[in-house]
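Residue numbers (this note's numbering), protein chains in the order written: chain U, 641 to 889; chain P, 11 to 409.
Warning: the hint list may mix true and false statements.
[Said to hold, decoys possible] Derived pair list, reagent style SDA-like, types lysine to any residue, alpha-carbon separation capped at 20 Å:
| # | chain 1 | residue 1 | chain 2 | residue 2 |
| --- | --- | --- | --- | --- |
| 1 | P | K108 | P | A87 |
| 2 | P | K378 | U | V784 |
| 3 | U | K770 | U | N829 |
| 4 | U | K740 | P | E369 |
Calculated from the structure, these hints are not laboratory results.
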Amino acid sequence: MLEIRDLAVRVAGKDIIAGLNLKVKAGEVAAIMGPNGSGKSTLSYALAGREGYEVTGGDILWKGESLLGLSPDERAAKGVFLAFQYPVEIPGVATMNFLKAAINAQRKARGETELSTPDFLRRVKTAAAKLGIAFDMLKRPLNVGFSGGEKKRAEILQMALLEPTLCVMDETDSGLDIDALKVVADGVNALRSQDRAFVVITHYQRLLTHIVPDSVHVLFKGRIVRSGDKSLAEHLEKHGYADIVAKAA
Amino acid sequence: MLQRLDNPNATEAALIAAAGRMARTPARSRALAAFERQGLPTRRVEEWHYTDLRSRLKLSVSPAGATMAGPPVAGAAIRVVDGRLEEAAMPPLPAGVKRVPFAGHDSDATVAVIAAMLAGEGLALAIAAGGKAATPILIRHEATGAAPFGAQIEVAIGAGAEATIVEQLTGHAPLAAVRTRLRVADGARAVWAIFQENDANSSVLARLEIELGADAELTILAFNRASALVRREIAVAAAGANSRIVMRGVNLIGAAGHVDLTTDIGHSAPGVAASEIFRNVVTGDGQGAFQGRIRVAAQAQKTDARMACNTLLLSDEAEFSAKPELEIFADDVQCGHGATVADILPEHLFYLRARGIPEREARAMLVKGFVEDTFDEVADESLREAFNARIEDWLDRHG
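Build out the structure end to end from the sequences listed, making use of the hints.
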């Protein structure tokens with residue numbers, strides 16, 4: 641479903657990702673782990689198409705089609721969703737208006753009709769309730785005044801509403817206490833399905849006890865240096881990155 | 011200064027000639043004499059630093075397409091066409107509002123001088139003490155493009171009275187010079203809403219002077235859409251104690267547009283709270299300026315004056331200058347001012363686009379978010395909607 645071939649990404653004149661290969665099948669949850677500075681966030685931004693993350697080599701294929709020539713909004717319409725490590729606060733833009741605009745923009749891009757307001761409200765209310773998000777919170781400007789945990793839950797809410805097929809989660813566990821982590825993990829697990837792939841980027845194994853991955857890949861110096869099943873994450877938890885990194889270096 | 015008389019430029023000469031063709035009244039003669047002494051100010055005059063009127067004012071007679079904007083609020087408008095009150099088409103005034111003789115009041119402020127020199131009969135309205143204007147008073151300045159004109163308006167709101175006045179400027183004006191004087195007596199409540207929407211080739215000089223009594227409430231809401239030249243002055247004399255002043259403004263400045271908003275609040279009585287918030291959006295090679303002066307006299311203790319001016323520049327050629335001026339002679343006051351000038355943040359834009367919102371729409375959402383809460387506190391819903399509809403319309407075309 642997702643195939644990253646020999647990817648090279650340069651940020652501000654510096655090569656961050658070099659020769660990265662990765663395949664993620666439909667229905668698979670792939671965890672990307674790695675020490676700080678290994679290129680985890682760069683990978684997530686390159687997948688989402690952020691400006692300034694220049695792909696200098698290789699390709700990213702999603703359902704057999706290259707994402708490289710597509711803008712971030714075109715990628716979103718193709719089903720790509722990035723759950724941000726640090727969701728930005730946007731004063732003046734009401735959360736509900738944003739959600740509606742996002743859902744309808746994607747529907748429009750896919751040639752579908754816009755959601756009616758009652759239908760939209762029903763979906764938001766149902767999804768928010770499942771994630772323990774107070775409906776009043778959604779009347780506020782986007783992410784403004786949300787706690788760290790609330791921001792992450794709001795990301796999962798967006799993911800649930802937009803129904804992407806490729807979910808890229810960039811350190812979703814950072815800044816979450818254990819209760820919030822469970823809520824977020826439950827939200828993600830509820831979305832696991834045969835037609836949806838996940839790339840879960842994390843520094844710690846802790847998230848992966850709640851979102852159990854099908855495959856684990858270690859990213860170091862911009863490429864995958866080791867792949868395995870969930871036991872690899874457990875190994876990293878016990879032994880750290882040192883031995884794997886030493887072999888790769 | 012006298013050199014000007016010897017060497018007026020084309021615009022000055024045209025204005026002097028236009029005034030000369032009108033009937034000689036004592037007030038016009040005095041204004042004309044003042045203009046012949048002063049001429050048009052250049053940027054060397056401190057208050058005109060950002061609008062060099064002498065070089066900028068062109069009296070363009072070319073209208074820019076369809077020009078007349080619809081009335082912002084429901085109800086019959088008092089139409090002032092090229093500065094002349096449409097007596098024959100004068101609608102019944104809202105209950106509680108009376109027409110009174112125009113008093114006039116000389117001023118040496120440039121805008122007041124030009125308005126007086128080119129104006130016909132002034133219009134004066136009054137709301138008696140304890141009274142209330144049943145509906146908003148809509149004063150609509152329509153410019154047909156025929157000639158430069160002046161207009162003079164006076165509104166007096168008696169003690170404890172209430173009124174909302176909507177001032178709209180529309181059409182093509184080679185030059186519209188509008189001077190308005192508002193008196194808000196003790197305990198009165200006034201809302202003054204400005205819809206500046208002349209066409210793109212117009213030049214507008216508008217001055218609103220307000221005398222504010224004690225325990226009064228004054229709200230000024232200003233929407234300025236740029237033309238070739240818009241200079242809007244708002245001068246408040248807060249002469250009575252414990253009044254409240256709220257000023258909110260949005261300036262939308264497109265290519266080749268120029269808006270200069272110059273405010274002055276003079277506190278000469280204690281305990282007056284004033285809050286000013288202005289938001290500006292500039293695109294293309296538009297230019298904007300805000301000069302915000304707050305003067306606090308020694309006796310105006312417990313003044314609480316806040317001023318903020320935030321600008322979004324949407325292009326590399328766009329310019330905006332903000333100049334706060336605080337002159338404080340009292341020691342127990344709170345005065346604050348802040349000015350920001352920024353572009354749309356790339357991380358905000360990326361966030362919206364990553365959710366599938368196309369760039370153009372995402373930008374429009376961010377710009378709208380930036381300006382639209384300016385009028386959030388406007389109690390009159392139809393007025394708030396009128397402002398927001400104009401903001402959205404402009405953003406649709408310029409965002």
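Hint check:
no.: 1; hint: P:K108 <-> P:A87; in the structure: holds (15 Å)
no.: 2; hint: P:K378 <-> U:V784; in the structure: holds (16 Å)
no.: 3; hint: U:K770 <-> U:N829; in the structure: holds (12 Å)
no.: 4; hint: U:K740 <-> P:E369; in the structure: holds (16 Å)
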